[in-house]
Structures are given as structure tokens and as C-alpha cells.
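Participant: Going line by line, the protein sequences match chains V and D. Read left to right, the first sequence gives residues 1 to 245 (our numbering). Read left to right, the second sequence gives residues 1001 to 1245 (our numbering).
Derived from the structure by calculation, the hints contain no laboratory data. Any given hint might turn out to be false.
[To be verified] Capping the alpha-carbon separation at 25 Å, the derived lysine to aspartate or glutamate pairs in DMTMM-like fashion look like this:
| hint | chain 1 | residue 1 | chain 2 | residue 2 |
| --- | --- | --- | --- | --- |
| 1 | D | K1044 | D | D1065 |
| 2 | V | K177 | D | D1065 |
| 3 | D | K1177 | V | D86 |
| 4 | D | K1177 | V | D98 |
| 5 | D | K1177 | V | D224 |
| 6 | V | K217 | V | D180 |
| 7 | V | K177 | D | D1180 |
One letter stands for each residue in the lines below.
Protein chains: 2
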Amino acid sequence: MRRIKLEVAYDGTNYCGWQIQPGKPTVEAEINQALTKLLKEEIKVIGASRTDSGVHALGNVAVFDTERMIPAEKICFALNQWLPEDIRVQNSIEVPSDFHPRKVACRKTYEYRILNSRIAIPTERLYANFIYYDMDIEKMQEAANDLIGEHDFKSFCSVKTQVLDTVRTIYKLEVHKNGDIITIRVNGNGFLYNMVRIIVGTLLEVGRGSIQPEMVKEILEKKDRKFAGPTAPANGLILVNIEYL
Amino acid sequence: MRRIKLEVAYDGTNYCGWQIQPGKPTVEAEINQALTKLLKEEIKVIGASRTDSGVHALGNVAVFDTERMIPAEKICFALNQWLPEDIRVQNSIEVPSDFHPRKVACRKTYEYRILNSRIAIPTERLYANFIYYDMDIEKMQEAANDLIGEHDFKSFCSVKTQVLDTVRTIYKLEVHKNGDIITIRVNGNGFLYNMVRIIVGTLLEVGRGSIQPEMVKEILEKKDRKFAGPTAPANGLILVNIEYL
């Protein structure tokens, strides 16, 4: 028995997220189905990040075990033949049989894209959140700086979470503007349910002037979801990669 | 009666091109319908570029005449309320009543995007043509340089064209690579039917080594479509803008 690790890219537009839900299209279900067809044995992958409905990925991670002798590096090419074109496995390698993608220390990078222009641009609509009002990028970065480091991110976590330990570390949180596109890039050792989208929603409130940058420290201290900004829409978010340490 | 000029952006994925065709979804039909609803009089626009099925635009141009007194600059905002989200009018201004978008001298800019990587990336699939083999960018630019200037582009024009004069001028034709994305940007005083996609298809053959850069001059001289490369797929092409002189 070998354990194979996949790096999976997908366009989340047409999926109800990663995780299998009965009767709904999900990325995990598509991958299980394709692997089962390819390897002719029933496969159930273990995913690293259960991305929300509408969220995209360049490099989510999943593992599975197989008895088949097909070379690990070739699985991605064969598997892509069985997948719809909005899911593409970027590579496949063999890993130790005890490697669990949610239990090994890692750093995840997410990117959130905002189209900041007077009128929306159709070719950006699936992969960027459209905002027409002026944004103060410097204030957004100022607020972002106070989120970097180890903090209890309870205020930046959906109340629906079941997690007890809400302490996480953010290593990088950068706000850039290039033309009409604002990019918020965040790297951390793990993210709570909706955490990236609530951080983005809060930074957008700072950008438009409804929350002052210096308020962010207070929001962290409150440890209460209702003090942070709204959850930003899913379409602007992309899971860039997961680095295992 | 006032003549209004619109700059129209669209995602061509779900349309059979710009021009009205009975029973098929087209951008022109959507705009006529939205204007007719907004202004409560029957409107038929005159478009500048009849982009092909699947081709995108940031700034195609259309004009129409109206008796209504709504301020020209506000029409784009009101009109977007009546349009599907894959079409957005970027601005609207009044122009002289004899301004005809296909009969006035102009320069058009098109951009063609290629994802050049080992495996396709789902979030690029709608707006970039995927090519996995290695491309020689320098050779592509070398070939492109021989297309710049005034030439008879009959070899780079679909045989289906009805146009008699196939002489056009290309002012700029640039090939750039940024990460996995190759961009071919072309600016000229007009383009024949499929001309940009045949130029791109030819440069791609040069990039992969099937056509030598110095062959491009010969292909021009042949004045015969069959000597140029294939017509590149529509999804990578975007009409960036049309500048009237």
C-alpha cells in the first residue's frame, strides 16, 4: 500500500466547496470518482483544506492510499483525463504512509483579489470581488500589520466553528494594488472557519474608512465575531498553496 | 436626436459573438434589448468590431441614436442594471451624429493570452489558451517583427472573408512572457476576419519550432491562407480597446 499526495487546482465557481455533501457537486466527490475510475478500486481522499463554496485553489492538497503499481508521478496526468476541466491535479508524489494533510505542520497561502474600479469588468467577475468605492491601501496595510503574529483570532472566525483553540499565527499579510486590482495575500500556520474572508472583510471596511486601522487591535481583544467586518464574498478567494514543513 | 457612443466590456464565453444571429445569444442582441427596455424606444446599435464566438472584450464600441433626454454619461450606469453580469458598459458619451464606428479611422488593440505550463490551471481556462510544450519567445518576437508595418495580410485572413482590400497596417506586435503567461499584444488600423487569431496561430507554430521565423515574410508574399498557421482558439483573445483618431 502506498500513500499518494496530490496538489489540486480548481475553479470553485460551480462547486459547493471541497467537502463531500450528499446530492451536491463538490471537488472532493469529483476527485474520488475520477480516482476510483482510474485505479478501479474505491478511493476516498483525505483533503487538507475544506474550502468554502465558490472558493478557488491553485494548490489544495489531498492524499489517498492505493495498491496499484502505477508510477506516482504519472497519476496526475492520467487522473486529469477523468476530471472535468475546472479541476486539474498539478502533481502527484508518493509520501510516507502516515502523512496526514491536516495533522502535519504547514503554512498556507491564500490570495484575495478585488477589482476596484468605477464599473465591473466581466472577465474579472469570477475571480475578483468588485468594489467601486475608493480604497485607502495604506490604511489597509496599517491594519493588516496588527494582525501579523500569534493571536487569538476568535473575532475573525465564523461562530459556526467547532474548534476550541482559536490561536493561530499569521506570518505575512500584504495588501498590494496593481492597476485596478487590489491583492491581499496572507500566509499563516492555519486558518479558522471563514478567517481569511473575515480578515479581508475587515480590511475592506478599513479601506473604505468605516473602521479605523487602530481598531483592529481592539477587535482582536474582544474575541467576539460581531466586532470584525463582514465575511468577504467567496469568489475573490484562492488557496494558493500549502507548504509542509 | 443625439448619437451616443458606448464602450462595452464582455466575457464572450457564453455568446455566439457580437453580431445578432437569429435564435442565438449574442452581445449585440443583449445590448439592443437592454437599451430598448431602458429608453422605452426600439434601439439598434451599430457595433465597431464583430468579435467572434467566444472572444472577449474590455472596450468594444457601439453607437445608437435616441430622442430621450437622459444625460449621456449616466446611460452606462442605468444600462448595466438591465444587462447580464457578463456584459458591462464602461462608459457612454455623446458623439457627432455622423460618427460611424466602422467608418472612422481608428487603431485597435487586441491581446492574446497563453497559459504555457505542464498542466492546465482551471482558473485560467476561460481567458487563456493552454499550451504545454516549450515556446521560444525570442523566435516568436523575431517573426512578429516581420509582420509590423503595412502589408497585404491576405495569407492571415479567413478564406470566408468578403473584403477585397486586404492591406492593413500593424503598428505594434509584442510577445511577452510573465511567469506561465505568454501575452501577444497587437495594435493596428484594422484587422481582417480571423486575422489576429491566424497571426497568433502562426506565431505559436514559430514558438514550438514548426515554422522558422524567417518564413513569415514568405507567408505574407504567398497571399494564400493555407501557408499561415492554424487559427488560434477564441478563448485567449480579448479586444482591449479602439482608439478613434
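Participant: Now tell me if each hint is right for this structure.
Facilitator: Going down the list of hints, with the structure as the test:
no. : hint                : verdict
1   : D:K1044 <-> D:D1065 : holds, 8 Å
2   : V:K177 <-> D:D1065  : violated, 39 Å
3   : D:K1177 <-> V:D86   : holds, 24 Å
4   : D:K1177 <-> V:D98   : violated, 41 Å
5   : D:K1177 <-> V:D224  : violated, 46 Å
6   : V:K217 <-> V:D180   : violated, 29 Å
7   : V:K177 <-> D:D1180  : holds, 21 Å
The structure does not agree with the numbered hints 2, 4, 5 and 6 stated previously, though it agrees with the rest.
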